[in-house]
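Novice: Residue strings, one per chain:
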Amino acid sequence: MSSRNRPVVYRPLAQRVTTMLWGVAVAGFGAGVIAHLQGYEFDVELLGIVVLAVLGAWILASAVVAIIRGR
Amino acid sequence: MTTNDEGQRHEAAFFTSIRGWGMTRGEHGVFGGVVEGVGERIGLDRVPARIIAVVLLFLTGGFFFALYAAAWALLPDRSGRIIIQDFGRGTPNVGALIMIAIFATIGLNATPWSWSPNRDWGHFPFGGLWVLIPLSIATGAVVLVIVLATRANKPPSARGPMAIPPQRASAASAPTGATYAATPGATKAARADASSTQGSSTAIPLGGGAGDAAAPNQTPPTPPPPPRPRTPGPGSAIYLLTLSAAVFAAAAIWLLDREGRLEASPVVAWLAVAVVIVGAAIILAGATGRRVGFLGFLAWTFIIGWLVGLTVIPRAFNFADGGARITIDGVTHTIGNGHGWFDQEADAVSCGSYDASVAAGMPAGTPVLTANPSVFTTIAGDAAIVQIAPDASVTFHADEPFTGSISWEAQNVTCDFDRATGDLYSALRAGEGVIVNIGAEHSAIVVKEN
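First to last, the sequence lines map onto chains Y and C.
In terms of this note's numbering, the first sequence opens at residue 1 and continues consecutively.
In terms of this note's numbering, the second sequence opens at residue 1001 and continues consecutively.
Keep in mind that the hints were calculated from the coordinates and are not lab data.
Mixed in with the good hints, there may be bad ones.
What the hints assert, rightly or not - Far from chain C by the CB rule (all over 10 Å, computed), these chain Y residues: (1) 25; (2) 31; (3) 46; (4) 50; (5) 66; (6) 67.
Stated by the list, open to error - Facing chain C, a subset of chain Y residues (Cβ under 7 Å, in silico): (7) 9; (8) 10; (9) 29; (10) 30.
All C-beta atoms, glycine included, are put in the ideal place defined by N, C-alpha and C.
Just chain Y, same shape as in the assembly:
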């Protein structure tokens, strides 16, 4: 059976939000590159700290969601 004949299911809200966050991250990266080309100097260490903190928050949020769903 070709994939076109299979029923279509759109993603649930949680996955949509995740995808949109991924898009925001990509767009933010692009904006950072543009700023860099314009001469803006980034504090790479601070950037790394922020990225790690955001990543931690994301994983924490995922854990909380998983706990709530498990109840």
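Following the hints, complete the assembly by docking chain C onto the known chain Y.
Specialist: Showing chain C alone in chain Y's frame:
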């Protein structure tokens, strides 16, 4: 855990081809099980495979990490899941992706071509040709794995006395079951079976063939499972919107460049804007409940490309009219027109129109100096002259080691501080002056008021 139906999911031929290698990541690995899986495929136990991996790590100068990251991302595990494919499907293994990114970064930083401006190539035999050694070792290792894996695919009679025992190969392929055949031999057998029996998905043992087709104990055909629902990709509308935005961006950037209002090269500027456009398209796909599909691949291509361009490959791009770079207190600033270069070590200077004047006698586009902080003066005013007065032993980095002061006496580089940006701009405008740490091991750079 995958099912037969998942095994039959539509996927890019690229991933199907990888599965056809019959190489799966092991289950006991410390970092993704790559070494275990590859070793098992070519007939090595875990321990010797790991020892060889560590030896390769040292022989390739860390480049092994890049190969490892690629294998981790692309090889399926025992249940058939490929990290990078799952990421594209929106079910990412975040932990593995982070580790792969770290490995890739370490590996790419260790590539033989990611030389630093301070590296003295004269210490190596044959000049820069030494980089071929770790590359050759890495290539040789990959070729050896391919040869051994191909050899393991052949039937026992076609192999030599060092062949892998059939029971071992069967054991290696057993966990994958019929979902993702663990060996190309099994894949081919399954394909042959599918063409002859109209779609049976029964697992074919390794080495099976015509004899199996004639086996008397055939199970009755089972009804096909109901079709799994699919999540659509971005679709033509989002793809066309993305393309349209990219074309509009190209037009706008061309216009800005035509009017001289663009700091960077038009192509570079467009590549930066394209990342934002792809990000916006991914947001749109997510908002409408679709998979990111090809947009995910595009995004990673852009991100990795930019990260490599900005951090790993020093002086990879020549930003014509993008502003030259000067290092002040360890921070590289864009200070004017001309040709700017990425400075990996943040210690080199390329300032102003050296193509025409400073680099007389040297190839156009030659990075200017290898530098240690040695000169300090204060810049005041909107314009200054940077005078470079090296002595006889200054070392320049060109395509080949270049030593001497030829044609460098009394060369001035004019830096247009009118277009200074960032901290330098702030300091200049505040009238505070800036401490400039520029210099070469045996040269002096003097920054004067114009």
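Novice: Against this structure, judge whether each hint is valid.
Specialist: Hints, verified against the model:
For residue 25 of chain Y, the requirement that its beta carbon stay farther than 10 Å from each beta carbon of chain C is not met, with the minimum near 7 Å. Distance check for residue 31 of chain Y against chain C: the nearest CB is about 6 Å away, which does not clear 10 Å, and the non-interface claim fails. Taking the minimum C-beta to C-beta distance to chain C, about 13 Å, the non-interface status of residue 46 of chain Y holds against the 10 Å cut. Against the 10 Å criterion, residue 50 of chain Y stays outside the reach of chain C, whose nearest CB is about 16 Å from its own CB.
Listed as outside the interface, residue 66 of chain Y is consistent with that label: its C-beta sits roughly 13 Å from the nearest C-beta of chain C, beyond the 10 Å cut-off. At roughly 17 Å, the least C-beta separation between residue 67 of chain Y and chain C is larger than 10 Å, which holds for a residue marked as non-interface. Given the 7 Å rule on beta carbons, the hint for residue 9 of chain Y holds: about 4 Å separates it from the nearest Cβ of chain C. The beta carbon of residue 10 of chain Y comes within 3 Å of a beta carbon in chain C, closer than 7 Å, and the hint placing it at the interface holds.
Residue-level restraint check for residue 29 of chain Y holds (minimum Cβ-Cβ distance to chain C is 6 Å; threshold 7 Å). The interface hint given for residue 30 of chain Y is met, as the beta carbon of that residue sits about 3 Å from the closest beta carbon of chain C, less than 7 Å.
Taken one by one, the earlier hints fail for this structure at numbers 1 and 2, listed in ascending order.
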